Amino acid sequence: MIRIGKISYWHVHAWDYTKQAQEHPDAQIVAVWDENPERGREAAEKQGVRFHESLDDMLQSDDIDAVIVDAPTSMHREVMLKAAAAGKHIFTEKVIAATLQEVNDIIKAVKENQVKFTVSLPRLNDGYTLAIREVLEQGLLGTVTLVRVRLSHNGATAGWLPEHFYSLEECRGGALIDLGCHPMYLTRLFLGEEAIDVQANFGYITGKEVEDNAVATLSTAAGAVGVVEAGFVNNFSPFTIEIHGTDGTILYGTPDSKLLIRSTKKEEYKDAWVELPVPANRASAFEQWISHIQEDTVAEENIAYAVELTKLMEAANRSAKEHRAVRLDELQA
Numbered sequence: 001m002i003r004i005g006k007i008s009y010w011h012v013h014a015w016d017y018t019k020q021a022q023e024h025p026d027a028q029i030v031a032v033w034d035e036n037p038e039r040g041r042e043a044a045e046k047q048g049v050r051f052h053e054s055l056d057d058m059l060q061s062d063d064i065d066a067v068i069v070d071a072p073t074s075m076h077r078e079v080m081l082k083a084a085a086a087g088k089h090i091f092t093e094k095v096i097a098a099t100l101q102e103v104n105d106i107i108k109a110v111k112e113n114q115v116k117f118t119v120s121l122p123r124l125n126d127g128y129t130l131a132i133r134e135v136l137e138q139g140l141l142g143t144v145t146l147v148r149v150r151l152s153h154n155g156a157t158a159g160w161l162p163e164h165f166y167s168l169e170e171c172r173g174g175a176l177i178d179l180g181c182h183p184m185y186l187t188r189l190f191l192g193e194e195a196i197d198v199q200a201n202f203g204y205i206t207g208k209e210v211e212d213n214a215v216a217t218l219s220t221a222a223g224a225v226g227v228v229e230a231g232f233v234n235n236f237s238p239f240t241i242e243i244h245g246t247d248g249t250i251l252y253g254t255p256d257s258k259l260l261i262r263s264t265k266k267e268e269y270k271d272a273w274v275e276l277p278v279p280a281n282r283a284s285a286f287e288q289w290i291s292h293i294q295e296d297t298v299a300e301e302n303i304a305y306a307v308e309l310t311k312l313m314e315a316a317n318r319s320a321k322e323h324r325a326v327r328l329d330e331l332q333a
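Quick note: the sequence shown uses this note's numbering, first residue 1, plus one each step.
In short, the hints are calculated from the structure, not lab data. None of these values were measured; they are calculated from a predicted model. There is no bait here: all hints are sound.
Each pair of labels, with its calculated beta carbon distance range: (1) E134 x E169: 40 to 50 Å; (2) N36 x A283: 25 to 35 Å; (3) E134 x A221: 23 to 33 Å.
We put the beta carbon where it would ideally sit given N, CA and C, even for glycine.
Turn these sequences into a full structure, and let the hints steer you where they fit.
Listed below in structure tokens is the structure:
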């Protein structure tokens, strides 16, 4: 049984990860710490577990093997360095941190203390992603030329996002660094190569401190372009994937959750759109984390994409602020 200490209920998905832990046969939440003591006590009481006033005290507990981190993004480096130093395995909400320098500090601590580390990048494990990866590996689109992924909701205009999600100090950004993480790592995955620069434009429809409407474009050395779109101000905006190549195109979610292909590489795909089957999701990031702890393995792909995600987000934030394209090699490691 993996005994887990829950670090904060700040994030909107904190209770989702709690549920995953409760439903996993080999995991159990045994303690809670929260930078907001009132919220933390309430969460601990709801689960019938103990609340710690001090994070250091919780991390020194011998009956805790691991932690789930849902603290503000601005606290990620601090709490994860402490958790790693205490020898606790770490599962964290994306992003790992807001800057590459902070992420590298965390990764170094994880390696030095030999703890198992996994980041919640859930759409890497969804069936449509697995199906698209297979199509790309088969070369059915030829050379990928453009990837577009869009994810948005009406959290700001409908008022259901918590107010602290609009705090630049706590979140280090708005729609892009939160919801936009998913289209960002998917765009990078489908491009099949690293970006060399990022250009971002932010909108402030509701006048919040952080952007609620965002687009970022990624350029690669081969000339492919990635378009990442995210927003908190959109109704009826389907999750959308477009991948275009020299020999074909894949569409997903426009507007229905169907995976469609056209390709000159196969006769049956040349003359009309063909719907491809979408397999079941593979094990979730949380389930994979538990397995890594039990089997003494490393989440190599997950961590690699999570580190690159922060690089892209840091570049996008800088681009929007400075009104220019930001090269990835400008970032301080």
